[in-house]
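Chemist: Sequence:
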Amino acid sequence: MLNKKLSLLVGFLLLIGHTYAQQSATYTNDLVDYQKALTLYNNKQYQAAQSMFDKVKDATDNEQLIADCTYYYANCAVRLNQINADALIEDFVEKHPTSTKRNSAFMDVADYYFDNGKYAYARKWYEKVDEGSIGVSERDRFSFNYGYSLYSTKDQVEAQKYFNRVVNSKEYGSQAKYYIGFMAYEGDDYDRANEYFEQVSDNEKYQEKLSYYQADLNFKLGKFEEAIKLAEAQMKKSNPSEKSELSKIIGESYFNLQKYKEAIPYLTAYNGKRGKWSNTDYYQLGYAYYKQNDFEKAISEFNKIIGGNDSVAQNAYYHLGESYVNLNKKQEALNAFRNASQMDYDLKIQEDAWLNYAKLSYEIGNPYQSVPQVLTSYLEKYSQTASKAEIETLLIDSYITSKNYKEALRLLEGKNSFENKVAYQKVAFYRGIEVYNEGDYREAKNLFEKSIKEPRDAKFTARATFWKAESDYNIGNYDEALIGFRQFKQQNEAATTPEMTNIDYNLGYTYFKQKNYSKSTEHFKTFVTQRKDDKLRLNDAYLRLADGYFVSSDYKDAIDAYDKAIALKQIEPDYADFQKAMSYGYIGQDNTKIQELNNFINRYSKSSLRDDAMYELANSYVKANQNDKAIAMYDRLNSEYKNSVFISRSILRQGLIYYNAGQNEQALNKFKNVARNYPSSEEAVQAVSTSRLIYIDTGRVDEYAAWVKTLDYVQVTDADLDNTTYLAAEKQYLENKTDNAIKQFNGYLNQFPNGMHALKSHFYLAELYTKKSLPETAQPHYEFVVNKPKSEYSEQAIVKLSEIYLNGSQWNKAIPLLKQLEVEANYPQNIIYAQSNLMNAYYQQEKYKDAESYAEKVLSGSKLDNKVKSDAQIIIARSAIKTGNESKAKSAYATVEKIATGALAAEALYYNAYFKNKEGDYEASNATAQKLAKDFGSYKYFSAKGLVVMAKNFYALKDAFQATYILESVISNFPEFKDVVQEAQAQLSTIKAQEAKTNSSITTDN
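Going by mature numbering (1 follows the signal peptide of the UniProt record, and there is no 0), the letters in the sequence shown line up with residues -21 to -1, 1 to 985, in that order.
For the record, the hints were derived by calculation from the structure and aren't laboratory data.
The C-beta atom is built at its ideal place from N, Cα and C for all residues, glycine as well.
Be aware that a few hints might be false.
Simulated restraints on C-beta separations [said to hold, decoys possible]:
#1 S30 - K107: 42 to 52 Å
#2 R421 - R389: 36 to 46 Å
#3 K511 - V802: 33 to 43 Å
#4 Q509 - F397: 33 to 43 Å
#5 K400 - Q321: 27 to 37 Å
#6 K97 - T7: 32 to 42 Å
#7 R389 - K957: 23 to 33 Å
#8 E835 - D914: 23 to 33 Å
List of simulated lysine to aspartate or glutamate pairs, DMTMM-like, C-alpha gap at most 25 Å [what the hints assert, rightly or not]:
#9 K779 - E709
#10 K492 - E459
#11 K798 - D718
Between the sequences and the hints, there should be enough to build the whole structure, so can you do that?
Modeler: This is how it looks when you write it as structure tokens:
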């Protein structure tokens, strides 16, 4: 039994031994493979190592070996930059929380990322390390690496904490001190930075870098001499980028030592940050040039500072203004001083800039606000200034010299000093002249009255009296005009005024309008005796003198005066010739009259008086019993002038010739023609009346009655009532009893809508309503007259009706009327009126070719006044601009500039500047734009447009400051002109985008 048990035990033990031997062999094999994998890992063959670690891990049951393989597998993944590397490390830590390699895993991965410069990744893993478990030998390395990773990821506070742990480390101490110093340098703690940099300055590794930083540190600490010394020493061994920075340090150091000449070469050698300079960089170089009196170069640097708004910019703009003044560039200086005056960083600079801005505004004008306003604002802001007396003197004078009379008048209202009242009188006068030239005579009169009410300067009182009378004359207040002209002439100072030259001419016209022909003749005689130089006005005076004689039945003197007018060959020779012929008739020289009229008809083929001459010649033939010639001339008139006002009269006259010759049927044909085609006219009434006599003489009363019934304007039984009612209304009209006349004419038309006097009544009603400034009420009455056959009232009605249409912008209604007037007008001034308004109407309809055509028609007329000429040239110019014909526009605007005043002159000056800019003549364009701003500042729209052109000029001249400042000023000062602001904004964006390429201080948003 015992032996049996022993044999069983031995067998069991043999079985156990065999099994254990098998397990040891397997483990040994795994360890061998593990060692191979570790060797591959240490040889950086991570892919092969990872594969073998994975194989060992899968083959073994040993927990420790599995943990180690998992650790190295994950480590290989990190080094192979595999996507799941971080997850593998995390997985290792989670599954093997007791592994001795847990902390090592974090450290190894962190160190790997650190060594490869991936400091953000390194920081992430260093943060996981248990610092208490780190071995003593590894602590310095961990602190430095973790500190540097924190520094690289912008956590300087924590970085300093870890760097401070190793400042005394043999291996890491110098590096830690360098970075602590550098962080202090970046944080502007220059003393601390200098302290640490000095501790490592003997370390060759840092010497090269430290030379730059120490130079910069000394500069920032105000040790400029030391900064220059260190930077110059470093310059020879630096790369181009470092040389640029060192040049900046040296240049700024010399600048701060006020050694501007020495600073300039170093400041210019600086290449900027990433190729861009800042406003401070430009300022320093500009100021260095300024201190060397090199103002051209100073300007070229200062004017690169655009849109600046800090103490540097204020200083730069002030010295930019000074530089411009030294080069006599006053417009440019104005803008620079204005900009500096609008900043309050340095109050002394602000005040000095304000003073210079105010003085320059007075001297050259101001495009942004009126000069008086600038000077007033300065005095309000600096009431205790030492320059107060000087500026007050300039202010009073500026009200006149600024020429912005509208604004000056507003500023002067309520100012009670003697000097201000003197200025007020002059400003009111000059503003009155402006408004008068614009055709607003009522407002002009009001302004002249204001001037007269402040009689501080006798000469201006006299002149204002004259122009008030002129305004009254143009309004139609002839009585008041006469009083004014006579008052002017009686004033002592009148003799020294330019207005005195033509006073007798004006008086002559005023008396003429009052039908006081003897007085009119007296003054015109005086004028023609004294004035021989002004041929145009002399010609006109002779015509009116002759007219005065004519209406006073002094025909011989009239003929003599008409002959003198004709001899001058200036204006209306056809009118003078016609009147002379008529005068011969009135003194009984009928044959001479006939001869003169025949000569007239042959000589003046295009005269508007030619149909008058034909009619009068035919009448003269009747008087001379040359009836055949009379009939022939009436026929010729009717043939050549189908729309003449004389047609109805000439046909009536033919009928009367036949009637007097006993040729009743021919007479009736003529009378019926008149009655049928010219209803309600006086000629029609006479034709019916004479026809009645023929019918009575021939015993055909029934035939007459039947015929008369076809004429709705003839009511035989009501004829007396018709005449009586009309004459009552006409009496009120002639006595200037406006309201009574309106009432009675309306009563007449209600009772006799087609009465014999309906045409006259409608015309007089229209005139009365016009007088009361009721154009819409007048309109249907003018339309009635215009729509009737031509009469003596037609031409005037067409003029007045077209004026109503034009004022209401009813172009489609106005144009046909104006065309009719152009063809039918008897008076030359009405032809000009028609053509000038047609050109404007077509322009308003954007029919530019038609507008140009009519403008050229206007200009083809002789002896036009300058206003008509400038209006026509403006239409040509504007139309040419609209159609892209700029050469034609340029020529037209050049003509306008010579003759126009007010708004048209401002427009012409703007285009002068515009065309010069397009031609590249920027300096000349600027001079013109400056003249526009100075002399026509009250015309804001074109002043604003001129400023935009000026900005373009300055940018082309490489003055970015002027360009941008002007554009910004346009945008802020002229918001009401949206098209101008839009152009300015677009130009400003373009310039800023370009300048931002080299100036880091510029923002491209407006």
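Chemist: Taking the Cβ atom of R421 and the Cβ atom of R389, is their distance within the range 36 to 46 Å?
Modeler: 19 Å, violated
Chemist: A range of 23 to 33 Å was offered for this pair. Does it hold for the Cβ distance of R389 and K957?
Modeler: For K957 against R389, whose Cβ atoms are near 25 Å apart, the range 23 to 33 Å holds.
Chemist: Would you say the C-beta atoms of Q509 and F397 sit inside 33 to 43 Å of each other?
Modeler: 38 Å, holds
Chemist: Between K400 and Q321, does the C-beta distance stay in 27 to 37 Å?
Modeler: 33 Å, holds
Chemist: Given the hint that K798 pairs with D718, does the C-alpha gap stay at or below 25 Å?
Modeler: Status violated; Cα separation ~34 Å.
Chemist: Honestly, do E835 and D914 meet the 23 to 33 Å range at C-beta?
Modeler: 29 Å, holds
Chemist: Given the hint that K779 pairs with E709, test it: the Cα-Cα distance must not exceed 25 Å.
Modeler: The given pair, whose Cα atoms are some 20 Å apart, holds under the 25 Å limit.
Chemist: Using the C-beta atoms of S30 and K107, is the stated range 42 to 52 Å upheld?
Modeler: With a Cβ separation near 27 Å, S30 and K107 fall outside 42 to 52 Å, so the hint is violated.
Chemist: Take a quick look at whether K492 and E459 sit within 25 Å of each other, Cα to Cα.
Modeler: 12 Å, holds
Chemist: Confirm or reject the claim that K511 and V802 have a C-beta distance inside 33 to 43 Å.
Modeler: Check passed, 38 Å falls within 33 to 43 Å.
Chemist: Could you check the hint for me, namely that K97 and T7 are 32 to 42 Å apart, CB to CB?
Modeler: 39 Å, holds
When each numbered hint is compared with the structure, violations occur for hints 1, 2 and 11.
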